[in-house]
Amino acid sequence: MTLRISMPGLNLKNPVMPASGCFGFGKEYSQFYDLNELGAIIIKAATKEPRYGNPTPRVAETASGMLNAIGLQNPGVQGIIEEELPFLQQFSTPVIANVAGSTIEEYVYVAKSFNETNGVQALELNISCPNVKEGGVQFGTDLQLAKEVTYKVKEVSRHPVYVKLSPNVTNIVEMARGVVDAGADGLSMINTLTGMQINLKMKRPIIANKTGGLSGPAIKPIAIRMIYEVKQAVDVPIIGMGGIETAEDVLEFLLVGANAVAVGTANFRNPLVCSEIIKELPHVLEMYGFSSVEEAIGKGHTHG
Amino acid sequence: MTLRISMPGLNLKNPVMPASGCFGFGKEYSQFYDLNELGAIIIKAATKEPRYGNPTPRVAETASGMLNAIGLQNPGVQGIIEEELPFLQQFSTPVIANVAGSTIEEYVYVAKSFNETNGVQALELNISCPNVKEGGVQFGTDLQLAKEVTYKVKEVSRHPVYVKLSPNVTNIVEMARGVVDAGADGLSMINTLTGMQINLKMKRPIIANKTGGLSGPAIKPIAIRMIYEVKQAVDVPIIGMGGIETAEDVLEFLLVGANAVAVGTANFRNPLVCSEIIKELPHVLEMYGFSSVEEAIGKGHTHG
Amino acid sequence: MERQLLPIIKQSQIAYETFEIVFRTSLAQQLKPGQFVHIALPNHILRRPISVANVNPIENTFTIIFKIFGDGTKMLSTYQVGNTLDVILPCGSHYPIEDLHVRKALIVGGGVGVPPLYYLAKTLKEKGVDVTSILGFQGKEHVFYEEKFQQLGDTHIATNDGSYGVKGFVTDVIKQIEPEFDYYFSCGPTPMLQAVTNVMGDKQGFISLEERMGCGVGTCYACIVPLKSNPEKSLKICKDGPVFAANEVVLG
Amino acid sequence: MERQLLPIIKQSQIAYETFEIVFRTSLAQQLKPGQFVHIALPNHILRRPISVANVNPIENTFTIIFKIFGDGTKMLSTYQVGNTLDVILPCGSHYPIEDLHVRKALIVGGGVGVPPLYYLAKTLKEKGVDVTSILGFQGKEHVFYEEKFQQLGDTHIATNDGSYGVKGFVTDVIKQIEPEFDYYFSCGPTPMLQAVTNVMGDKQGFISLEERMGCGVGTCYACIVPLKSNPEKSLKICKDGPVFAANEVVLG
Ligand SMILES: Cc1cc2nc3c(=O)[nH]c(=O)nc-3n(C[C@H](O)[C@H](O)[C@H](O)COP(=O)(O)OP(=O)(O)OC[C@H]3O[C@@H](n4cnc5c(N)ncnc54)[C@H](O)[C@@H]3O)c2cc1C
Ligand SMILES: Cc1cc2nc3c(=O)[nH]c(=O)nc-3n(C[C@H](O)[C@H](O)[C@H](O)COP(=O)(O)OP(=O)(O)OC[C@H]3O[C@@H](n4cnc5c(N)ncnc54)[C@H](O)[C@@H]3O)c2cc1C
Ligand SMILES: Cc1cc2nc3c(=O)[nH]c(=O)nc-3n(C[C@H](O)[C@H](O)[C@H](O)COP(=O)(O)O)c2cc1C
Ligand SMILES: Cc1cc2nc3c(=O)[nH]c(=O)nc-3n(C[C@H](O)[C@H](O)[C@H](O)COP(=O)(O)O)c2cc1C
Ligand code: FES
Ligand code: FES
Chain A
161 MTLRISMPGL NLKNPVMPAS GCFGFGKEYS QFYDLNELGA IIIKAATKEP
211 RYGNPTPRVA ETASGMLNAI GLQNPGVQGI IEEELPFLQQ FSTPVIANVA
261 GSTIEEYVYV AKSFNETNGV QALELNISCP NVKEGGVQFG TDLQLAKEVT
311 YKVKEVSRHP VYVKLSPNVT NIVEMARGVV DAGADGLSMI NTLTGMQINL
361 KMKRPIIANK TGGLSGPAIK PIAIRMIYEV KQAVDVPIIG MGGIETAEDV
411 LEFLLVGANA VAVGTANFRN PLVCSEIIKE LPHVLEMYGF SSVEEAIGKG
461 HTHG
Chain B
161 MTLRISMPGL NLKNPVMPAS GCFGFGKEYS QFYDLNELGA IIIKAATKEP
211 RYGNPTPRVA ETASGMLNAI GLQNPGVQGI IEEELPFLQQ FSTPVIANVA
261 GSTIEEYVYV AKSFNETNGV QALELNISCP NVKEGGVQFG TDLQLAKEVT
311 YKVKEVSRHP VYVKLSPNVT NIVEMARGVV DAGADGLSMI NTLTGMQINL
361 KMKRPIIANK TGGLSGPAIK PIAIRMIYEV KQAVDVPIIG MGGIETAEDV
411 LEFLLVGANA VAVGTANFRN PLVCSEIIKE LPHVLEMYGF SSVEEAIGKG
461 HTHG
Chain C
698 MERQLLPIIK QSQIAYETFE IVFRTSLAQQ LKPGQFVHIA LPNHILRRPI
748 SVANVNPIEN TFTIIFKIFG DGTKMLSTYQ VGNTLDVILP CGSHYPIEDL
798 HVRKALIVGG GVGVPPLYYL AKTLKEKGVD VTSILGFQGK EHVFYEEKFQ
848 QLGDTHIATN DGSYGVKGFV TDVIKQIEPE FDYYFSCGPT PMLQAVTNVM
898 GDKQGFISLE ERMGCGVGTC YACIVPLKSN PEKSLKICKD GPVFAANEVV
948 LG
Chain D
698 MERQLLPIIK QSQIAYETFE IVFRTSLAQQ LKPGQFVHIA LPNHILRRPI
748 SVANVNPIEN TFTIIFKIFG DGTKMLSTYQ VGNTLDVILP CGSHYPIEDL
798 HVRKALIVGG GVGVPPLYYL AKTLKEKGVD VTSILGFQGK EHVFYEEKFQ
848 QLGDTHIATN DGSYGVKGFV TDVIKQIEPE FDYYFSCGPT PMLQAVTNVM
898 GDKQGFISLE ERMGCGVGTC YACIVPLKSN PEKSLKICKD GPVFAANEVV
948 LG
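Residue numbers (this note's numbering), protein chains in the order written: chain A, 161 to 464; chain B, 161 to 464; chain C, 698 to 949; chain D, 698 to 949.
Keep in mind that the hints are not guaranteed to be accurate.
Claimed, not checked - Over 10 angstroms on every C-beta distance to chain B, these chain C residues come out as not near it, computed from the model:
| # | residue |
| --- | --- |
| 1 | Arg700 |
| 2 | Gln708 |
| 3 | Tyr713 |
| 4 | His741 |
| 5 | Ile742 |
| 6 | Leu743 |
| 7 | Lys764 |
| 8 | Ser774 |
| 9 | Ile785 |
| 10 | Gln891 |
| 11 | Arg909 |
| 12 | Ala919 |
| 13 | Lys936 |
Said to hold, decoys possible - Lysine-lysine pairs mimicking BS3-like chemistry, simulated, CA-CA at most 27 angstroms apart:
| # | chain 1 | residue 1 | chain 2 | residue 2 |
| --- | --- | --- | --- | --- |
| 14 | D | Lys771 | A | Lys361 |
| 15 | A | Lys363 | D | Lys771 |
| 16 | A | Lys173 | B | Lys272 |
| 17 | D | Lys930 | A | Lys272 |
| 18 | D | Lys864 | A | Lys361 |
| 19 | A | Lys459 | B | Lys459 |
| 20 | B | Lys370 | A | Lys363 |
| 21 | D | Lys729 | A | Lys187 |
| 22 | B | Lys370 | A | Lys361 |
| 23 | B | Lys187 | C | Lys764 |
| 24 | D | Lys707 | A | Lys361 |
| 25 | B | Lys439 | A | Lys370 |
| 26 | C | Lys771 | B | Lys187 |
| 27 | B | Lys363 | C | Lys729 |
| 28 | D | Lys925 | A | Lys208 |
| 29 | B | Lys187 | A | Lys363 |
| 30 | C | Lys930 | B | Lys272 |
| 31 | C | Lys771 | B | Lys361 |
Stated by the list, open to error - Quick look at which bits of chain A chain D covers, simulated, 3 or more residues with Cβ under 8 angstroms:
| # | segment |
| --- | --- |
| 32 | 187-201 |
| 33 | 299-305 |
| 34 | 346-359 |
| 35 | 420-432 |
Hints were generated in silico from the structure; no laboratory data involved.
Don't be surprised by glycine CBs; every beta carbon is placed ideally from N, CA and C.
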């Protein structure tokens, strides 16, 4: 049973990695298990300058899910490179940097900055950020903006670029095709769905930012559907995510066409979840008749 | 404590009604309680001709939700008027007919047919159907189609028309504004989100139709967010739905701006759910400081 | 049909991953062979349909037998005496034996299709009908209720792997023993039902179907099966079924 | 920090909707006053943070005290002796009493802010510190641990509705009795902490904060609080806190 999987810039010992924003920069969870076990690590979003983020409360619990509106708090790309990446370099695990911004220039700046370090093996382009210049419309919900930011980042980056798609769109296939045309080496999907929860006592949204991103098992059927559709339309590798909690969930993502997966929200309840999934995965693959991860990819498409 | 609420064409003794497709035409659940208790009843979708619908399996269970791809099976608008509505007329509860179609002409035909009966007090325009002429694009995800079908139905119908919005769009506010401009008397939201689940043993989607509509508590945060946003943009009444299971959930929908609510999936687990919610609602309203349903509507918007 | 909170009176494992639960309810006497109950489980949006496997009208109890299949049946298997479950009952149609003149009945069951047939066989026997039962299981450790069926009449077991009884399918046994009967009654996985109805040809019989259900009471159109006479029309398995005349509906 | 499955050794209701649970763990001795544990509950995506209210280093047990607030704490209140819970511990910072020269300590607690202060007061007392406690509750039936605090020193109770002790807020009591102290230690709802730190002015003290948490270990940035010295910077309540120097962070 081999769990190995290769994608542009990434030679993974297994397809399981923590999702951006749900693992910080690795330090805390390294108290629970050896980060060498992980296929890769996607670190928290990096912006040009340090960002404070949104007021609190920033999270709320929903049925089989949660809302978050952290607001991209991070120490800025220089801070990350200087203070966070050195810790991760002690591990043999590839690091994927999540790149965010409010303007195309900011994305480009951040992507360029990561050219200067050996601590990062690939970029995940987080296009679910609002574009300040375009009056707050999200890069990830506007086809032209999404293509443009992908193209511009590809132009400057020496790393393979995985564009992280927003599910808050009418046509996910169109977005996927667009960013692949613009040069994306791979896709990462899905980011969170915009949601809201009301505090009945206070009579206002629980999240200070009002809306937040919905993640967790609640959104898994949407992630699975979108990856299934996108897999039929484009030919680049996909990092799948959205509600993964178990090795069976990982297999479900592989079957619809994900080449690797990321685990987000589940880390909060079970800090050992990635490690446990990786240990369980060979048994699950075997139980369903597969002898490698590779073999399972896309196998949910063969019927009818 | 008064639960009464008035909306175009509807004088409701309380704001709670079963959602379309989750209550058939009322007969079965009338074995569990008196349908006179309900604020209204939204019946299963009506099309021009009887429809067989999709192959089975048509449903699957997900985390705090379910997928369905029934495929609008129904006995056709004539069948409904002749065989189903007479049963419902014994109750004092208003009936809302859910109108569906594959072409604008079909919608118009069905809406017109309901002009001929006294058994229906309002129409819910189900625009989440694929338009066969436009190559299968959904009426509900295309602004122009949504406006056109709304306008055409309004032209012929003697009933108030509540347009039921699809959440599978980038910009729900734009859709809401569009159909209101086109004449919608009210909105109904949200319909299901498109999702998929894989049968690991069979290595194919569980639902024969591959994709299905996600409903249940999993989608409540998305419904709440969309109603909150739409309420700030348009001035027509909203029938809110998506994951409602309790009277507290109803209050949450009222606070973001729903004038009434529909309960779908929850009926399957608890056939008495609507009746129980209606009995509980006065206590919940009182507990949170309201003396009527009317008073609670939109009160989640007042802060910041 | 009612929703009731039913206490568990008895619980035991009767075969590999196969469990028996006995409930007490005021409605026990109304439950007829072929009907099912619809069981709610914590944190599951949909109920689970499980057939009535036996009724004790004096004790006001009924029995279900189920196999662990997925999450829900696994959870159900952890329920113990003293726990209660939220159940909708009685659901669906039953084998219309009161309307039939049966002298000799053939029972053909497979796996979790066997449970409803026990209650049927018992009821037939009580009416003086001569019962022959052919029951198929995956393997030896999956077999249950063999003795109970034997008490009602001639009983044959087939296992897929040959670890017990005849190796093969129930249809192999049918061909082998060529049982005499006026009516046959069958329940099991769809491929088995297809094979059985094929072998039976024009013989009169009744079959019981399974399908993924939404409501379980007839409102949602999740569980339909096309009519053989007009495949554009359909019946609901939860309401018009699960029992149908053998040639009434299209299988699979 | 570890994730452990902890058995419940003792469980009781100690006031209106207020419960005490005692767990056994190998890590009990590591738990310091002010720290919290992060408890997983079935079918809840997020854990619940609850303060350590007491530790018994000989028995290897620790106590939590919680009030029913929503779904999670309601579920927690149904757990009984013999059940186990999945707990991450120890979490967060503690009152840095080993680094302080304290002779007289003032404890100011409100509602579910009282539990961590009991463990703190007990530890201070064991070190020979003179402890005065001022505890606020909603009303008489909400009061808990009064006697236990009294065993450690002078203890004053305030209730919002005046049904017990002084009518009013803990700050009313502070103004009234003008306690002498080198350091104060406070935990409770944010409005109370604001009032307390206001009354205290420049006096040295430590406060413990609450915020909705994602991870509870420092990875998600859900639980931040701005620094007073530079509100553009922030600390994490789950990792840098929940205990902060009184004037270190911006409240509310
Ligand atoms: C009328 C009827 C009578 C039945 N009687 C029995 C019985 O007596 N004993 C027994 O062991 N089983 C019986 N079954 C099958 C039983 O309902 C399924 O095994 C069970 O629902 C599986 O649930 P799960 O959570 O374990 O599986 P999962 O796969 O986790 O369930 C997911 C969803 O699929 C549905 N589902 C999966 N398989 C089936 C199936 N075969 N039929 C219907 N729904 C399914 C579940 O109800 C649930 O909604 C019967 C089914 C029907 C329709
Ligand atoms: C460091 C710390 C220590 C605490 N110690 C105690 C204690 O000793 N005793 C006690 O009774 N309570 C304590 N609390 C508060 C306790 O965590 C909440 O009452 C509890 O999380 C509410 O959960 P629920 O499911 O009942 O409420 P719900 O409102 O249903 O919870 C929904 C979500 O909001 C979160 N949440 C709601 N209120 C709070 C809150 N005040 N603080 C943090 N998260 C919240 C929940 O954790 C959950 O994620 C502490 C909180 C923190 C941060
Ligand atoms: C608290 C939190 C913070 C997140 N921060 C980021 C982020 O900084 N960048 C990003 O691309 N995605 C972020 N995400 C989205 C996740 O990476 C992931 O796409 C999403 O949560 C779906 O996966 P899950 O259901 O496993 O959590 C965040 C999610 C959560 C819950
Ligand atoms: C089985 C099923 C069938 C449905 N059929 C229809 C339908 O015919 N017309 C329609 O407008 N909506 C239909 N819906 C959508 C519901 O009316 C409702 O908008 C949606 O399920 C969200 O509410 P819920 O989460 O309470 O179920 C159906 C939903 C389900 C689960
Ligand atoms: S399950 Fe709903 S109609 Fe049969
Ligand atoms: S709760 Fe995640 S950083 Fe504090």
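Hint check:
With a cut of 10 angstroms on Cβ distances, Arg700/C falls inside the contact zone with chain B, its closest approach being about 6 angstroms. With a least beta-carbon separation of about 23 angstroms from chain B, Gln708/C lies farther than 10 angstroms from that chain, consistent with its non-interface assignment. Chain B leaves Tyr713/C outside its interface by the beta-carbon criterion, the shortest separation being 18 angstroms against a cut-off of 10 angstroms. Look at His741/C: its CB is around 7 angstroms from the nearest CB on chain B, not clear of 10 angstroms, so calling it non-interface is violated.
With a closest Cβ-Cβ approach of about 5 angstroms to chain B, Ile742/C is found to fall inside the 10 angstroms limit, against its non-interface label. With 10 angstroms as the threshold on Cβ separation, the claim that Leu743/C sits away from chain B is violated: the shortest Cβ distance comes to roughly 5 angstroms. Non-interface call for Lys764/C relative to chain B: holds, since the shortest CB-CB distance, roughly 15 angstroms, exceeds 10 angstroms. At the 10 angstroms boundary, the C-beta of Ser774/C stays outside the reach of chain B, the nearest C-beta of that chain being 18 angstroms off.
Annotated as non-interface, Ile785/C brings its C-beta within 10 angstroms of a C-beta of chain B; the closest such distance is 7 angstroms. Separation of Gln891/C from chain B is adequate, the least Cβ-Cβ distance of about 15 angstroms exceeding the 10 angstroms criterion. The claim that Arg909/C lies off the interface is violated: its Cβ sits roughly 4 angstroms from the closest Cβ of chain B, which falls inside the 10 angstroms cut-off. At roughly 4 angstroms from the closest C-beta of chain B, the C-beta of Ala919/C falls inside 10 angstroms, breaking its exclusion from the interface.
Not every Cβ of chain B is farther than 10 angstroms from the Cβ of Lys936/C; the closest lies at roughly 7 angstroms, contradicting the non-interface assignment. Pair hint Lys771/D plus Lys361/A holds up; C-alpha atoms about 17 angstroms apart against a cutoff of 27 angstroms. Taking the CA atoms of Lys363/A and Lys771/D, the gap is near 22 angstroms; set against the 27 angstroms cutoff, the hint holds. Between Lys173/A and Lys272/B the CA atoms are separated by roughly 63 angstroms; this puts the pair beyond 27 angstroms, and the hint is violated.
A distance of roughly 25 angstroms separates the Cα atoms of Lys930/D and Lys272/A; the hinted pair therefore holds under the 27 angstroms criterion. Taken as a hint, the Lys864/D and Lys361/A pair is honoured in the structure, with Cα atoms around 25 angstroms apart against an allowance of 27 angstroms. For the given pair, Lys459/A sits about 49 angstroms from Lys459/B by alpha-carbon distance, which is inconsistent with the 27 angstroms threshold. With a C-alpha separation of about 40 angstroms, the suggested pair Lys370/B and Lys363/A falls outside the 27 angstroms cut-off, and the hint is violated.
The straight-line distance between the Cα atoms of Lys729/D and Lys187/A is roughly 22 angstroms, inside the 27 angstroms bound, and the hint therefore holds. Straight-line distance between C-alpha atoms of Lys370/B and Lys361/A comes to about 41 angstroms, which puts the hinted pair past the 27 angstroms bound. Annotation: proposed proximity of Lys187/B to Lys764/C is violated, straight-line Cα distance about 33 angstroms (limit 27 angstroms). Restraint check for Lys707/D and Lys361/A: not satisfied, since their Cα atoms lie roughly 33 angstroms apart, outside the 27 angstroms limit.
Note on Lys439/B and Lys370/A: the hinted pairing is violated, with a Cα-Cα distance of about 31 angstroms set against a maximum of 27 angstroms. Taking the CA atoms of Lys771/C and Lys187/B, the gap is about 33 angstroms. The hint is violated against a cut of 27 angstroms. Restraint check for Lys363/B and Lys729/C: the C-alpha separation of about 37 angstroms exceeds 27 angstroms, so the hint is violated. Between Lys925/D and Lys208/A the CA atoms are separated by roughly 24 angstroms; this keeps the pair inside 27 angstroms, and the hint holds.
The straight-line distance between the Cα atoms of Lys187/B and Lys363/A is roughly 38 angstroms, outside the 27 angstroms bound, and the hint therefore fails. Under the criterion of a C-alpha separation no larger than 27 angstroms, the hint pairing Lys930/C with Lys272/B is consistent with the structure, at around 25 angstroms. Distance restraint check for Lys771/C and Lys361/B: the Cα-Cα separation of roughly 17 angstroms lies within the 27 angstroms cut-off, and the hinted pair is therefore satisfied. Coverage of a stretch by a chain is defined here by at least three residues with a beta carbon nearer than 8 angstroms to that chain's beta carbons; for the segment 187-201 of chain A and chain D the count is 5, and the condition holds.
Residues of the segment 299-305 of chain A with a Cβ under 8 angstroms from some Cβ of chain D number 0, which does not satisfy the need for three, so the listed coverage is violated. Counting residues of the segment 346-359 of chain A whose beta-carbon sits less than 8 angstroms from any beta-carbon of chain D gives 0, not enough to reach three: the coverage restraint is violated. Counting residues of the segment 420-432 of chain A whose C-beta lies closer than 8 angstroms to any C-beta of chain D gives 7; at least three are required, and the coverage claim holds.
Taken one by one, the earlier hints fail for this structure at numbers 1, 4, 5, 6, 9, 11, 12, 13, 16, 19, 20, 22, 23, 24, 25, 26, 27, 29, 33, 34, listed in ascending order.
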